[in-house]
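Model the full structure from these sequences, guided by the hints.
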Amino acid sequence: MDLTFTQEELDFREEVRTWLHENVPKEARPHGDRPDSREFDLAWQKAQYDGGWAGISWPADFGGRGLSTIQQLIWYEEYALADAPWIGACFVGINHGGPTLIARASDEQKSFHLPKILKGEVVWCQGFSEPGAGSDLAAIRTRGVIDGDELVVNGQKIWTSFANMAEYQELLIRTGDEQRHKGLTWVICDMRTPGITVRPISTMDRGAEFCEVFYDDVRIPLTNVVGQVGDGWSVAMSTLSLERGTGFMADILHATRTIDELIEECRHRRGPDGRPVLHDDEYARRLAAAKAEITVLRSITYRSISRNIRTGMPGPEGSMLRLQYGDLVMGLSRLAIEILGPDALAYVDRFRAGGWTGNWLRAFAAGFGGGTLEIQRNIIGERVLGLPRG
Amino acid sequence: MDLMPSAEQDEITTTVASFLAARLPATAHASVFVTPGPEIDPVVFRECAELGWLSLGLPEALGGVGYGLAEEVMLFRELGRGLAPGGFLPAVLGARVAAFAGQRELAASIVAGEVLVALATRDRVGADDVSVLHAAEATLLVVCDAAGAALYSLADCTLTPIDPVDGSIRAARGALGGATVASVSSEIDPVFVRGLVLCAAMQAGSAEAQRDLGVAYAGVREQFGKPIGANQAIKHRCADMAVRAEGAFAQVCYAATAADGGADRFVDEAVIAKYFADEAARLNGEACVQIHGAIGFTTETLPHRHVWRAHTLARALAVRAALLDHLVPRT
Ligand SMILES: Cc1cc2nc3c(=O)[nH]c(=O)nc-3n(C[C@H](O)[C@H](O)[C@H](O)COP(=O)(O)OP(=O)(O)OC[C@H]3O[C@@H](n4cnc5c(N)ncnc54)[C@H](O)[C@@H]3O)c2cc1C
Chain A
1 MDLTFTQEEL DFREEVRTWL HENVPKEARP HGDRPDSREF DLAWQKAQYD
51 GGWAGISWPA DFGGRGLSTI QQLIWYEEYA LADAPWIGAC FVGINHGGPT
101 LIARASDEQK SFHLPKILKG EVVWCQGFSE PGAGSDLAAI RTRGVIDGDE
151 LVVNGQKIWT SFANMAEYQE LLIRTGDEQR HKGLTWVICD MRTPGITVRP
201 ISTMDRGAEF CEVFYDDVRI PLTNVVGQVG DGWSVAMSTL SLERGTGFMA
251 DILHATRTID ELIEECRHRR GPDGRPVLHD DEYARRLAAA KAEITVLRSI
301 TYRSISRNIR TGMPGPEGSM LRLQYGDLVM GLSRLAIEIL GPDALAYVDR
351 FRAGGWTGNW LRAFAAGFGG GTLEIQRNII GERVLGLPRG
Chain B
1 MDLMPSAEQD EITTTVASFL AARLPATAHA SVFVTPGPEI DPVVFRECAE
51 LGWLSLGLPE ALGGVGYGLA EEVMLFRELG RGLAPGGFLP AVLGARVAAF
101 AGQRELAASI VAGEVLVALA TRDRVGADDV SVLHAAEATL LVVCDAAGAA
151 LYSLADCTLT PIDPVDGSIR AARGALGGAT VASVSSEIDP VFVRGLVLCA
201 AMQAGSAEAQ RDLGVAYAGV REQFGKPIGA NQAIKHRCAD MAVRAEGAFA
251 QVCYAATAAD GGADRFVDEA VIAKYFADEA ARLNGEACVQ IHGAIGFTTE
301 TLPHRHVWRA HTLARALAVR AALLDHLVPR T
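For the record, the sequence lines run as chains A and B.
Using the working numbering, the first residue of the first sequence is number 1, and each one after it goes up by one.
Using the working numbering, the first residue of the second sequence is number 1, and each one after it goes up by one.
Hints are computed from structural coordinates only; laboratory data are not their basis.
The C-beta atom is built at its ideal place from N, Cα and C for all residues, glycine as well.
Incorrect hints may appear among the rest.
Facing chain B, from chain A, some residues (calculated, C-beta under 7 angstroms) [claimed, not checked]:
| no. | residue |
| --- | --- |
| 1 | Ile263 |
| 2 | Leu278 |
| 3 | Ala284 |
Distance windows between CB atoms, simulated [to be verified]:
| no. | chain 1 | residue 1 | chain 2 | residue 2 | range |
| --- | --- | --- | --- | --- | --- |
| 4 | A | Pro59 | B | Ala21 | 46 to 52 angstroms |
| 5 | A | Glu14 | B | Thr299 | 25 to 31 angstroms |
| 6 | A | Arg17 | B | Glu11 | 37 to 43 angstroms |
| 7 | B | Gln232 | A | Arg257 | 19 to 25 angstroms |
| 8 | B | Gly262 | A | Glu374 | 41 to 47 angstroms |
| 9 | A | Gly369 | B | Arg23 | 47 to 53 angstroms |
| 10 | B | Arg330 | A | Gly369 | 34 to 40 angstroms |
Written as C-alpha cells, this is what we have:
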C-alpha cells in the first residue's frame with residue numbers, strides 16, 4: 001500500500017491545475033430548456049481539446065493522449081477541485097459511446113467518430129431503454145431488418161438523454177429471431193435520418209434533455225454496425241473498462257466540496273432557535289457522518305483503481321460505489337434542504353450558487369444511473385457474493 | 001498510488017489467520033459465561049509476542065520489527081475477524097508509550113508479552129473516570145487521547161470489575177490514580193491516532209467476518225423450497241454488508257498508508273476509519289443475526305460474539321459522537 005505519486009505525476013497534476021484555473025468557464029452552465037446549453041457544453045469540450053486535455057486515456061492514434069490510469073485519475077480530481085462544469089451533453093460521447101467505439105469499432109469508424117467527439121463537434125445519445133425494457137435491458141423490442149446494405153429500424157426508445165440535441169446515437173436493436181441477449185445489434189444511428197421523431201419529456205428537476213425517440217422505417221447503413229450483427233449485447237457491455245473507474249472520482253470530490261460548502265454555510269446560517277445551525281448537535285453530526293461516508297467512498301475508489309491497474313479487470317467495487325453513492329447523494333441533499341429552512345421553498349437550479357433545491361430534485365436520479373440501486377444490490381449479491389438467483 | 005496490499009502484506013494476513021485458526025480458534029461458546037482463568041492463555045500470548053505481533057509497527061531502533069501501520073492493520077484485521085482474545089491493542093500502544101518515553105526495558109517486557117497492559121478510555125473528555133478493557137491480569141494501563149498517551153500502574157488506580165457484555169474481555173470501571181509510569185505527547189508519537197486505526201482494523205475484520213457468516217448461511221439455509229439467500233430481502237442485506245465491509249477496510253488502508261507517508265490529514269482519516277468501521281461492525285452484526293433467524297439469537301453460532309465484540313470496541317478509545325465532533329468542530 002502506498003499513497004505517493006511519482007514526480008512525473010506530481011508535475012502533471014500541477015500542469016492540469018494551472019490550466020484548469022485559467023480555463024474553467026466563469027459563467028454557470030445554462031440549465032433546463034435554455035437553447036444555449038448544448039453550445040456551452042460543446043464549447044467547453046472544445047476548449048479542453050485545444051488545451052490538450054481531451055481523451056486523456058484514449059489512444060493517441062485517434063486524437064487521445066494515451067496517458068496512464070493514474071494521470072486520468074489526477075485529471076478528474078483536479079477537475080472537481082477546480083469546480084469545472086458538469087459534462088452535460090457530452091456525457092454519452094465521452095463516457096459511453098466513445099469508449100465503446102474504442103473497444104469494438106473498426107478503424108474506419110474510430111477515425112471518423114472519435115476525433116469529432118473529443119473536439120466537441122458532435123453530441124451523442126444512448127438509445128438503450130424502451131418502455132418495456134428498463135432494468136431488464138435484454139427485453140428490448142425495437143427491430144432492425146436487413147434490407148440490402150441497410151438496416152430498416154422500427155420501434156421506440158425512451159429516457160434518451162440529450163436525444164433532442166444529438167447528432168449520433170448508440171442504438172441497441174433486435175435484429176435476429178433469438179430471445180433475450182441473443183440477436184441484438186449495436187449500431188451508430190445518425191439522428192438526422194428521416195423517420196426519427198424526438199419528443200422531449202420534462203423532469204422533476206426542470207431538466208429538458210430527457211426524450212423519447214420513435215423510429216419509423218429508419219434506414220441505417222450496415223457499415224454503421226459496431227462489432228457483428230447479432231453481437232450487440234457484448235458490444236453494449238464492453239464499455240466500462242477504459243478509465244478503470246477513475247471517472248467516479250470527480251463525482252465523489254464534487255460531493256465532498258458540496259459537504260464542505262454546506263458545513264461553512266452552517267457556521268453562519270441561523271436555525272429556528274436563532275443559533276448557528278452548526279451549534280445543533282443533530283445537524284453537526286449528520287454533516288460529519290456525510291463527510292465520513294464520502295471520504296470512505298474515496299478510499300473504496302482508490303482501492304478499486306489499484307486493483308484494476310493490477311489485474312486489468314474491473315473489480316466488484318463498481319456496483320458498491322454506485323450503491324453507496326446513490327444513497328449518500330440523496331441523504332446529503334435532503335440534509336441540505338432541511339438546513340435551508342424557509343429558503344428551501346424556492347427552486348434554484350443546481351448549476352447556480354445556492355442551488356440546493358435543484359440539487360435535491362436531481363438526486364432522485366442518482367438511484368437509476370448504470371442500473372438502479374436494487375439492481376446493484378442484486379449484482380453484488382449474485383456476482384460478488386455468489387448467492388443464488390431469485 | 002496503490003491501495004491494495006503488497007504480497008508481503010498479504011503474507012501477514014495468511015500467517016496470522018492460520019496461527020489463530022490453529023491456536024486461538026473462535027468458538028461460539030467461549031464467552032457464554034465469563035470464562036474462568038486468564039483472558040488468553042499466557043503461553044499462547046507469548047508465542048504471539050515471539051512472532052513479533054506486539055511490535056510490528058515499532059521502529060527497529062526502539063526494539064520493534066520496524067514495519068509501518070499498513071502492516072500492523074493487516075494483523076489487527078485478522079484479530080478482529082478471528083475474535084481473538086487478549087490485550088493485543090493495549091500492548092502495542094503501551095509499548096509505544098514506553099519506547100518513545102525512553103523506557104527501553106519496560107517496552108521490551110511489554111513487547112515480549114511478559115508485562116500485560118489494559119486499555120483505558122476516559123468516560124468524558126479530561127475526566128479521570130475510565131472504562132478499562134483487558135483489566136484482569138494486566139499490571140499497567142494505557143490511556144490516550146489527541147494530546148498524548150500515558151501508562152499508569154494498575155495497582156494505583158481504583159478499578160471495580162464489571163460483568164461485561166463481551167465475556168471474553170475482562171472489563172472494569174473506576175478512576176485513574178498515581179503518577180504516570182511513562183508518557184508521550186502526540187507530537188512525539190501519535191499513539192491515540194494509531195490506536196484508532198488499529199481498532200478500526202479489528203472492526204473491519206469483524207464486519208467482513210459477519211458478511212461471510214451471513215452469506216454462507218443465506219446460501220445453505222432453505223425455506224419455501226429454496227435457499228433464503230435467493231430472496232432479495234436477504235440478498236440485499238448481504239449486499240449492504242459487503243459494501244460496509246469494503247468501505248471499512250478501504251478506509252483503514254487509506255488511513256494507515258497516509259500515516260506511514262506522514263500525510264498531514266492522517267488524523268481525520270483515522271477518525272473516519274474508526275467511525276465507519278464501528279458502524280460497519282455494528283450494522284453487519286444486526287444484519288447477520290437477522291439473517292440467521294432464531295439461531296442467530298442464541299449462543300450456538302458465532303454472530304452474537306461479533307455483536308458483543310463490536311459493541312465493546314466501539315466504546316474503546318473514542319465513541320461515535322466524539323469522532324463526529326472531531327470532524328465537524330462547532331467553532
Ligand atoms: C437521469 C436518467 C438518465 C437516463 N438516461 C438514459 C439514456 O440516455 N439512455 C437510456 O437508454 N436510458 C437512460 N435512462 C434509463 C435508465 O437506464 C433506466 O431508468 C433504468 O435502467 C431503470 O429502468 P426503468 O426506469 O424502466 O425502471 P424499471 O426497470 O421498471 O424499475 C422500476 C423499479 O423496479 C425495480 N426493479 C426492477 N427490476 C428489479 C429486480 N429484478 N429486482 C429488484 N427490483 C427491481 C427497480 O429498481 C425500480 O425501483 C436514464 C435514466 C435516468 C433516471
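Right, here's what the structure says about each hint:
The interface hint given for Ile263 (chain A) is met, as the beta carbon of that residue sits about 6 angstroms from the closest beta carbon of chain B, less than 7 angstroms. Look at Leu278 (chain A): its Cβ gets to within about 6 angstroms of chain B, closer than 7 angstroms, so that hint holds up. Interface hint at Ala284 (chain A): satisfied, since its Cβ lies 5 angstroms from the closest Cβ of chain B, which is below the 7 angstroms cut-off. A hinted range of 46 to 52 angstroms holds for the C-beta pair Pro59 (chain A) and Ala21 (chain B), which are about 48 angstroms apart.
For the hinted restraint 25 to 31 angstroms between Glu14 (chain A) and Thr299 (chain B), the CB-CB distance of approximately 59 angstroms leaves it violated. Distance hint check for Arg17 (chain A) and Glu11 (chain B): the Cβ-Cβ separation is about 39 angstroms, which falls inside the suggested range of 37 to 43 angstroms. Between Gln232 (chain B) and Arg257 (chain A) the C-beta distance comes to about 35 angstroms, which lies outside the given range of 19 to 25 angstroms. At roughly 43 angstroms, the beta-carbon separation of Gly262 (chain B) and Glu374 (chain A) lies within the given 41 to 47 angstroms, and the hint holds.
Between Gly369 (chain A) and Arg23 (chain B) the CB atoms are about 49 angstroms apart, so this pair conforms to the stated range of 47 to 53 angstroms. Range check, Arg330 (chain B) to Gly369 (chain A): about 36 angstroms between beta-carbon atoms, so the 34 to 40 angstroms window is met.
The structure shown violates the earlier hints numbered 5, 7.
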